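Visitor: Listed below are the residues making up each chain.
Number of protein chains: 2
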Amino acid sequence: MGLGMTISSCHPSVRPMSIEEKSDPMGPLDGYLPYLLNRAGARIATAFSEEVRPLGATLQTWRVLAALHERDGRRMGDLSETTSIEVSTLTRLVDGMEKSGLAARRRDTSDARVVTLFVTAAGRRMTQKILPIAQRYEKVALQGFSEAEAAMLKAALHRVYDNMDALQAP
Amino acid sequence: MGLGMTISSCHPSVRPMSIEEKSDPMGPLDGYLPYLLNRAGARIATAFSEEVRPLGATLQTWRVLAALHERDGRRMGDLSETTSIEVSTLTRLVDGMEKSGLAARRRDTSDARVVTLFVTAAGRRMTQKILPIAQRYEKVALQGFSEAEAAMLKAALHRVYDNMDALQAP
Chain A
0 MGLGMTISSC HPSVRPMSIE EKSDPMGPLD GYLPYLLNRA GARIATAFSE
50 EVRPLGATLQ TWRVLAALHE RDGRRMGDLS ETTSIEVSTL TRLVDGMEKS
100 GLAARRRDTS DARVVTLFVT AAGRRMTQKI LPIAQRYEKV ALQGFSEAEA
150 AMLKAALHRV YDNMDALQAP
Chain B
0 MGLGMTISSC HPSVRPMSIE EKSDPMGPLD GYLPYLLNRA GARIATAFSE
50 EVRPLGATLQ TWRVLAALHE RDGRRMGDLS ETTSIEVSTL TRLVDGMEKS
100 GLAARRRDTS DARVVTLFVT AAGRRMTQKI LPIAQRYEKV ALQGFSEAEA
150 AMLKAALHRV YDNMDALQAP
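Residue numbers (numbering that gives the first Met the number 0), protein chains in the order written: chain A, 0 to 169; chain B, 0 to 169.
Okay, chain A solo, but in the shape it has when bound (with noise of 0.2 Å):
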C-alpha cells in the first residue's frame, strides 16, 4: 500500500487524458504473469466451450467429469478444489449434472455425513466423447515444443499454483 501511495502522490488527481504512465511499476500486461496466464487459459477455455457445445456439455460439466475419470466418488470439497469451481457454483452444477444424468450423488459407506459424487453410464459415455477432444487441445497448445520444454513448462505452473500458499493479507 505504501508504494500506491507514493505513486498516486506523484501524479495530480487530474490530468489530461492519453498521458503514458512514465514511472510505470508494472510494465506492459504482456510481461506481467496473471495477464498471460489469464489470457492463454481462456483462449483455450473460450474455443473448448464452443466445441463441446454441440454435444449438450459446457467447460465446467467437463471439468467435473475429468476429475470423475480421474478418481470416480470424489468428495465435493475435493472437486471443488480439483476443478476450481466455488463450492456454491458446484453445488449447483451437479444439481444439474443430476438432473440430466450425468453424474449421482451417494452417501459415503462408512461416514453417512459425507457425499461423494459418481459419473453414471451416461456421464461415461460423455467423458469419452470429449476425450479426444481435450487431448487434441493439449497437442494444440504445445505444438513446437519438446518434450524437455513441456515438463518445464508444466513444472513452472505446478510451482506458481503451490506459491499462491504464500499469499498473505498486506
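Just so you know, these hints were derived from the structure itself, not from any lab. Given the structure is predicted, the values throughout are model-derived calculations rather than measurements. Where is the CB? At the ideal position from N, CA and C, for every residue including glycine. Any given hint could be a false lead.
Derived list of chain B stretches under chain A, where covered just means 3 residues or more per stretch with a C-beta under 8 Å from a C-beta of chain A [what the hints assert, rightly or not]:
(1) 25-33
(2) 37-45
(3) 143-157
Cross-link-like lysine to aspartate or glutamate pairs, in silico, EDC-like; alpha carbons within 16 Å at most [to be verified]:
(4) B:K138 <-> A:D164
(5) B:K153 <-> A:E148
(6) B:K128 <-> B:E49
(7) A:K153 <-> B:D29
(8) A:K138 <-> B:D161
(9) B:K138 <-> A:D161
(10) B:K153 <-> A:D29
(11) A:K138 <-> B:D164
Coverage of chain A stretches by chain B, computed from C-beta distances (three or more under 8 Å per stretch; other residues unrestricted) [stated by the list, open to error]:
(12) 29-41
(13) 44-53
(14) 134-147
(15) 159-166
Put chain B on the given structure of chain A with help from the hints.
Guide: Positioned in the frame of chain A, the structure of chain B alone reads:
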C-alpha cells in the same frame, strides 16, 4: 473420435463404480496443460478478486483499468482481445464503469463511428491503488524462480497463446 469409440467399446455401458480407467488416453489431470493453466490462473484470480473487492473493484474492472493503464483510448474490440472479456460482457462492464465514473466512452476524433474508452481521474486513482497489489501477486507467483526461469515461463505462455491460432474444427 476413433480413439474415444475404441475405449468406450472396451467397457460395458454399465459397470461397477470406482473402477479406474486403465487405458487412460489423457493421463492424470496434473499433467494436462489446460488443467494446469486454469488451476494456476483461477487460484490467482480468486485471491486477487477478494483482495480488490474492499476497494470497490472486481477482477474484470481491474483488467479494463490495466489495459487502459498500458494504453489509454482503446477501441472496444481491442479491449475485448486484451482483457479476454467477451464483447457483450465487456459492454455491460464498461456501462458500469462509466456509471461509477472510472472510465468514459468517446467518439474517435478522426472517425466518429469508432468508440474508444478512456480512463477518468477516478479510474486512475483506482488503478494506482490496485497496482501495488498486482505487483505483489506477480512477485508471490514467481517466488523462487530465477529471472531466466520466469522469462522462460512467460515466453512459453506466449507460445501457447499463439499456438491456439492453429486450432481448427476436427
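Visitor: If a hint holds in the structure, say so; if it doesn't, say that too.
Guide: Cross-check of the supplied hints:
no., hint, in the structure
1, 25-33, "holds (count 8)"
2, 37-45, "holds (count 9)"
3, 143-157, "holds (count 10)"
4, B:K138 <-> A:D164, "13 Å, holds"
5, B:K153 <-> A:E148, "13 Å, holds"
6, B:K128 <-> B:E49, "15 Å, holds"
7, A:K153 <-> B:D29, "8 Å, holds"
8, A:K138 <-> B:D161, "13 Å, holds"
9, B:K138 <-> A:D161, "13 Å, holds"
10, B:K153 <-> A:D29, "8 Å, holds"
11, A:K138 <-> B:D164, "13 Å, holds"
12, 29-41, "holds (count 13)"
13, 44-53, "holds (count 5)"
14, 134-147, "holds (count 10)"
15, 159-166, "holds (count 6)"
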